[in-house]
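Participant: Position chain B relative to chain A; hints supplied.
Number of protein chains: 2
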Amino acid sequence: MKANLKDLAKDLGISVSTVSKALRDSYEIGEKTKQRVLAKAAELGYTPNPYAGFLRNNKSKTIAIVVPELTNNYFIQAISGAEEIAQENNYHILIYTTNDNFEKEKSIIKHLMNGRVDGVLLSISSTTSSYMHFNELIQNGVPIIFFDRICHEIETAKITTNDFASGFLATEHLIKNGCRDIAYLSLSEHLSIDNKRKQGYFEALNKYDIKIDETRIINCGVDEKMNTKKIKKLLSGSKIPDGIFASVERLALKVYHVCNSAKISIPQKIKVISFSNLRTADLLNPSLTTITQPAYEIGKEAAKILFKHLSKRKSVLLNENIIIDSVLTIRNSTKK
Amino acid sequence: MKANLKDLAKDLGISVSTVSKALRDSYEIGEKTKQRVLAKAAELGYTPNPYAGFLRNNKSKTIAIVVPELTNNYFIQAISGAEEIAQENNYHILIYTTNDNFEKEKSIIKHLMNGRVDGVLLSISSTTSSYMHFNELIQNGVPIIFFDRICHEIETAKITTNDFASGFLATEHLIKNGCRDIAYLSLSEHLSIDNKRKQGYFEALNKYDIKIDETRIINCGVDEKMNTKKIKKLLSGSKIPDGIFASVERLALKVYHVCNSAKISIPQKIKVISFSNLRTADLLNPSLTTITQPAYEIGKEAAKILFKHLSKRKSVLLNENIIIDSVLTIRNSTKK
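As they're listed, the protein sequences go chains A and B.
Its first residue numbered 1, the first sequence is counted upward by one per residue in the numbering used here.
Its first residue numbered 1, the second sequence is counted upward by one per residue in the numbering used here.
FYI, nobody ran anything at the bench for these hints, they're computed from the structure.
Hints are supplied without guarantee of correctness; some may be wrong.
[Stated by the list, open to error] Here are the in silico distance ranges between beta carbons for each label pair:
#	chain 1	residue 1	chain 2	residue 2	range
1	B	S107	A	G178	33 to 41 Å
2	A	I323	B	S107	32 to 40 Å
3	A	H257	B	I264	23 to 31 Å
4	A	N140	B	E320	16 to 24 Å
[As the list claims (entries may be wrong)] Some, not all, of what chain A presents toward chain B, calculated at C-beta under 10 Å:
#	residue
5	I79
6	E83
7	I240
8	R250
9	L253
10	H309
11	L310
Note that this is a predicted model, so its numbers are computed, not measured.
By construction, the Cβ of each residue, glycine as well, lies at the ideal position given by its N, Cα and C atoms.
Excised from the complex, chain A in its bound form:
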């Protein structure tokens, strides 16, 4: 076991309180005593408890990253990007997942309220319907930076991709490859990014004079069984769509599974495009056309803004919208 304050005090024949004050460079202790304590600390290999330091300078040297789920390549890559910057700054990273659950998100934020972290990078849950908990955290002096699933209502830095333009691009790509009846698979009506992707989809339909059919907007959610049911319904019967635009990769994978079971061939019968950071997109059967977000860069950028802010000790993060463009990668799932 390593030496502690008691060991030092015993060896020096002085009180624990004096040792502690000496190590804290207190004015109450003379220079000679301080030097004796430091020499003994070095001799015994004493290292101070890191949390003692936190109490003095109010820095935990820790940030939290709060994401809806870990089984999503986008979030893993964003976390990896943020981790690179955190390590450069000698910071530690706490990871929390909300499982897209509003109550769990509130509970996590409450736990971060009292100084455990210096700042938070967060992507909100798809079921989050009010933002009081974020405001409370910021008022407690803990800055939040939103990435991907942002919250417009909070004045802070927000990092997203060009969701509207990417939604337009994805839909236009399907139209140019012959689709006229395109369904949009939405993740959540609560999410700003989802709405922007959908608006881009509407805009592309408008440009090519394709009438918007509200029954082709499929509102999916957290309940995977319900999602399967809705997608099965969409892909059964005599009039199925000729194109699918999925707002997240797990919905595109569900379309693949349903098409496999129902023997609907992609891309001959139906073309599929999805927002996705799937590493195996090019190895799927057929390979999946994707809108890929620069997730790693988004994570890095979010962390950079946070550390810049922490180094300046400003009280409030300025409102700021940072957008990093996504990339369309055309593969076989949308082939003419």
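Facilitator: Only chain B this time, still in chain A's reference frame:
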């Protein structure tokens, strides 16, 4: 901003030190003062700094999970499993990746030495060649539990899958489906799990009287370009193997890429099986036959053992080997 000690002291007209001692229930402070301080703290909504608590009871209520990489579905699922148990125990999780780098692993362990965490779950880097840093951490009172990539040399709890039996099963499956010239793609000669998988491969070859050919053992590593080069070499020329057993999924994906480029058809020309927790294994072209580890359960089990130990405040974790079996899922990549 929330109330701090200074605010309390100012409002009560007493010193910060007195407030602090009162909140710590110090014998130096009278009951009446303590009650006044507590009442004022409640009135102003004061919450104590969590790190102050850590100093008193020497519990950070935090554990660290150290893994080689995040872009590996096995580790993500294991982390998710551990997170579930941590939340049940009201613990926080710090995440660190070593990028399979020995120096980085040592540096992370050093950072965890001084009380930041109560315990560590760890899967060692594939380049780790000595274990002093683990012993030092344990001697500092921080227990380590190994999972997947374990270290036999350290006396503690270790959780793995049945690597030998699974290696045997994977190889036997290839042999039963007609393979006679099977290559083994190794991740690292340093890793115990890799050696056990390889021993299982040898044993299956022995059982079916197939001569071991050392040139069919491909020692891959951290350098992705070098891995590609080695796999390309293996799959070129007139005599390529008729079966591949990959010890990790990223090597199997590399085989898919090389086969695609070289127009080598799987499974007609070559059959492929891999240890993998890939969510899209069934959607690949062709779908990938896998040995799937119960990663989520392994993460849960590792966390459970750690929390059980922490609750008992025993000084040393007993040596213990826990094995949770993997599952063979047969798909098209090994079809006869």
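Participant: Determine for every hint whether it applies to the structure shown.
Facilitator: Evaluation of the provided hints:
Hint check: S107(B) to G178(A), Cβ distance near 55 Å, so the stated range 33 to 41 Å is violated. Between I323(A) and S107(B) the beta carbons are some 35 Å apart, a value that agrees with the proposed interval 32 to 40 Å. Roughly 27 Å separates the CB atoms of H257(A) and I264(B), a value that falls within the hinted 23 to 31 Å. In this structure the hint that N140(A) and E320(B) lie 16 to 24 Å apart at CB is violated, the actual value being about 42 Å.
For I79(A), the interface hint holds, the least distance from its beta-carbon to any beta-carbon of chain B being 6 Å, beneath 10 Å. The criterion of a C-beta within 10 Å of any C-beta in chain B is met by E83(A), whose closest approach is roughly 6 Å, and the hint holds. A cut of 10 Å between beta carbons decides the hint on I240(A): the least distance to chain B is about 20 Å, and the hint is violated. For R250(A), the interface hint holds, the least distance from its beta-carbon to any beta-carbon of chain B being 9 Å, beneath 10 Å.
Residue-level restraint check for L253(A) holds (minimum Cβ-Cβ distance to chain B is 7 Å; threshold 10 Å). A least Cβ separation of about 16 Å between H309(A) and chain B goes past the 10 Å threshold, and the interface hint is therefore violated. At about 16 Å, the closest approach between the beta carbon of L310(A) and any beta carbon in chain B exceeds 10 Å, and the interface hint on this residue is violated.
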